[in-house]
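Please build the complete structure, drawing on both the sequences and the hints.
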Amino acid sequence: MLKFCLVLYLNCFTNGFVAYGIGYSIGVFGGNLFLSVFLLTIADTISNFFQIYVLKKWPRLPVLTCSLIINAICCFLLSAVLWFQLSTIYRMIIVMFIHFSANVSFRLAYLLSTEIIPTSMRQLGVGSCTVAIRVGSIMAPFIKEFSAWTHPSVSMGLFGALMVIDAIVVWLLPETKGIEIPDTLYEAANIGKKEKETEC
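Under full-length UniProt numbering, read the sequence shown as residues 1 to 200, first letter to last.
Just so you know, these hints were derived from the structure itself, not from any lab.
Some clues are possibly wrong.
Unchecked claim - Subject to a maximum C-alpha distance of 30 Å in a straight line, what follows is the list of computed DSSO-like cross-link-like pairs (lysine-lysine): (1) K177 - K56; (2) K3 - K56; (3) K57 - K3; (4) K57 - K177; (5) K177 - K3.
Stated by the list, open to error - Pairwise CB distance ranges (calculated): (6) D44 - L6: 38 to 48 Å; (7) I168 - L55: 15 to 25 Å; (8) I181 - Y90: 37 to 47 Å.
Computed from a predicted model, the values in this text were never measured in an experiment.
No residue lacks a Cβ here, since even glycine has one placed at the ideal position from N, Cα and C.
The structure is reproduced here in structure tokens:
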């Protein structure tokens, strides 16, 4: 159970750090600030409907991994675009994809924490996962200073690297789609194992 909690904390921290970091860095990408915020709101709204459809059809972990990998690829692309000072249009298109996929993984971080942590300690567990998100969001504003000290492309590369690590580590978590939510620590530690034994 400790392993699951540590992975959930890393996932929550990464999502909070990247989501808020991109939001705070929106002025660095150039273009009209109001238009940029409007476009990100559209991406956010579309991703909400997308999640409702996708999570009914597919398992949690593949969806989470895909969103993290897409986010990482887009962060690396944005890093290259910023380094070579390409058009603002390219920057905003990539940022919209980052915001879209970050919103998916952000919501899944909450969902997985509620489905993995048992009823007996769910309030404490989900609360501590929220603390991990808040730690990431508290550190996010310093990315702007870090970008000024180095280069904005370095910050985007850091986001991408964190997302890659997170995409690998989340596979230590059990799949929770269609599985009864655990009530005790024992059930949580063995979540998904009964289904695997039945398949064998």
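Here is what the structure says about each hint:
1. K177 - K56: 9 Å, holds
2. K3 - K56: 27 Å, holds
3. K57 - K3: Satisfied, since the Cα-Cα distance of roughly 27 Å is no more than 30 Å.
4. K57 - K177: 10 Å, holds
5. K177 - K3: 19 Å, holds
6. D44 - L6: 38 to 48 Å: Violated - the Cβ-Cβ distance for D44 and L6, about 29 Å, lies outside 38 to 48 Å.
7. I168 - L55: 15 to 25 Å: 22 Å Cβ-Cβ, so the 15 to 25 Å window holds.
8. I181 - Y90: 37 to 47 Å: 43 Å, holds
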